[in-house]
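Undergrad: The residues making up each chain are set out below.
2 protein chains.
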Amino acid sequence: MKIDQEAHTSHISQKFNEELEEIRSQLLEMGGLVEKQVQDAVDSLVDGDTRLASEVRKTDKTVNQLQLEIDEVCTHILARRQPAASDLRLVLAVIRATSDLERIGDEASKIAKATLRLAEEGTSPRGYIEARHLGNHVRQMVKDALNAFARFDTPQALAVLREDDKVDLEYRSATRALITFMMEDPRSISQVMNIMWVLRSLERVGDHASNLAEYVIYLVEGEDVRYTKPDKIEQVLQHDDEEDQKGSST
Amino acid sequence: MKIDQEAHTSHISQKFNEELEEIRSQLLEMGGLVEKQVQDAVDSLVDGDTRLASEVRKTDKTVNQLQLEIDEVCTHILARRQPAASDLRLVLAVIRATSDLERIGDEASKIAKATLRLAEEGTSPRGYIEARHLGNHVRQMVKDALNAFARFDTPQALAVLREDDKVDLEYRSATRALITFMMEDPRSISQVMNIMWVLRSLERVGDHASNLAEYVIYLVEGEDVRYTKPDKIEQVLQHDDEEDQKGSST
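Residue numbers (UniProt numbering), protein chains in the order written: chain D, 1 to 250; chain B, 1 to 250.
Simulated from the structure, these hints should not be mistaken for lab results. Bear in mind that the values here come from a model prediction, so they are computed numbers and not experimental data. Treat the hints with care, since some could be wrong.
To be verified - With a cut-off of at most 25 Å between alpha-carbon atoms, the simulated DSS-like pairs for lysine-lysine come out as follows:
1. B/K229 with D/K166
2. B/K232 with D/K229
3. D/K166 with B/K232
4. B/K143 with D/K229
5. D/K166 with B/K110
6. D/K232 with B/K15
7. B/K113 with D/K61
8. B/K229 with D/K232
9. B/K232 with D/K232
10. B/K61 with D/K58
11. D/K113 with B/K229
12. B/K110 with D/K61
13. D/K232 with D/K113
14. B/K110 with D/K229
15. B/K61 with D/K110
Unchecked claim - What follows is a set of in silico ranges between Cβ atoms, one per label pair, in the way DEER data are often shown:
16. B/S25 with D/Q82: 45 to 55 Å
17. D/K15 with B/N17: 50 to 60 Å
18. B/R162 with D/Q245: 30 to 40 Å
19. B/A79 with D/H133: 28 to 38 Å
C-beta atoms are modelled at their ideal positions from N, C-alpha and C, and glycine is treated no differently.
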């Protein structure tokens, strides 16, 4: 059930090939833009850069527009090309992935909004280091998930899924610290709450990156691994490798 | 570009009809379950009912499983039936809708988790009334969106979209009140924060209900109205009605 880039070049219709390649590269382009949105949003927060925050909010419209465009191309492919097997999985994976990328864009936009609110209300006495740290972590997950998509790389997708537990731990430890701080300094609650929402948004970005990684495994292996634990997924991948080796030795 | 239930009965293949009817009814079944999850989660919170909360968390697995099953049937329909036009839109709308329903289920599960945490840490001195109120509001949105789906009812879908602004206002007013309360009574911050996350989850449920409503309009009208303001959507619907009347009078 494995596919690779070569498999996609064996189509009778050259035009069809180009269309499939097109949605894949459009998705990666959208992904690159969204990854930058997360980076810029966290930068704007940490640096108190309202100009950058406004830019992030403006760019969110471009991200939404990209989703609509890619989805439309996918719908056309489904209607006219009637793809099957791995081609169909690619189209479905792209449709699902645009939805997660768009939601990552939304979270970046919410973070930028927090930057703007904090510029009005006064900065938070705490939480920027935690936001920077968690931000770097989940941005890397998004990047790795997109690389896994670009290279049909299931081990990398699995690695992204394993990161999510660490992100959740980091998130919980950061919010606990901020709650303790708010109890000691209640006058800063309103400001610190802005950071709390930012941390929540970043944690969600990690969830969406995990979803992207799951689609890569679906795309390559034909297995829907949503709600499957990473250790179980690893078994599935190994089993598949063994089958492949058996296949090639006979 | 309009479809109605009759249109779906004119297929050459009776089996294909049955399959389309099947995914639609499975989706509505999943929707009913998810709607109940939201209700039960909020009930468990307000009544401090940990048994009910545990049930909600257990049922979340069933919701996830339903999503996988419906998505698999949809994929099979795409691969074997190669649907076009309104049939294709139905399948795509169902795939998108299962994703939002599943995420509503996740939010219900998070609310149930808050119930369990509050049972351990002690109840919050504030916020239950707000959670009940917001919970009723968004649950009604989910219900209305599902009814719109069941009846291909675009005016009802539009009404759901209009509710979302009200939900956002209600959410913001409730969180502001809780922030003020925490500043006055910092010892309760940890408990009140649990309610803050619940309100956030409920606000997200409203967003997902809006997404469902958008899919109904896409399904019936063939127009992708994501990121379109309700007033603009209303114009699209009216324009479509006028076209229909012109069409029938010639």
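Undergrad: For the pair we were handed, B/K110 and D/K61, check the Cα-Cα distance against 25 Å.
TA: Given that 25 Å is the threshold and the Cα spacing comes to 30 Å, the pair is violated.
Undergrad: Checking one constraint from the list: CA of B/K232 to CA of D/K232, max 25 Å. Satisfied?
TA: Not satisfied, since the Cα-Cα distance of roughly 47 Å exceeds 25 Å.
Undergrad: Mind checking the alpha carbons of D/K113 and B/K229 for me, to see if they're no more than 25 Å apart?
TA: 20 Å, holds
Undergrad: Between B/K61 and D/K110, is the straight-line Cα distance small enough, at 25 Å or below?
TA: Given that 25 Å is the threshold and the Cα spacing comes to 30 Å, the pair is violated.
Undergrad: Go ahead and decide if the range 28 to 38 Å is satisfied by the Cβ distance of B/A79 to D/H133.
TA: Between B/A79 and D/H133, where Cβ atoms are some 44 Å apart, the hint is violated.
Undergrad: Note whether the CB distance of D/K15 and B/N17 lies within 50 to 60 Å or breaks it.
TA: 32 Å, violated
Undergrad: Between B/K110 and D/K229, is the straight-line Cα distance small enough, at 25 Å or below?
TA: 19 Å, holds
Undergrad: Can you confirm whether the C-alpha distance between B/K61 and D/K58 stays at or below 25 Å?
TA: Violated, at about 38 Å.
Undergrad: Are B/K229 and D/K232 close enough, with their CA atoms no more than 25 Å apart?
TA: With Cα atoms ~43 Å apart, B/K229 and D/K232 exceed 25 Å; violated.
Undergrad: Are the Cα atoms of B/K113 and D/K61 separated by 25 Å or less?
TA: Violated, at roughly 34 Å.
Undergrad: Take a quick look at whether B/K143 and D/K229 sit within 25 Å of each other, Cα to Cα.
TA: 32 Å, violated
Undergrad: Checking one constraint from the list: CA of D/K166 to CA of B/K110, max 25 Å. Satisfied?
TA: Measuring from Cα to Cα gives roughly 19 Å; hence the hint holds.
When each numbered hint is compared with the structure, violations occur for hints 1, 2, 3, 4, 6, 7, 8, 9, 10, 12, 13, 15, 16, 17, 18 and 19.
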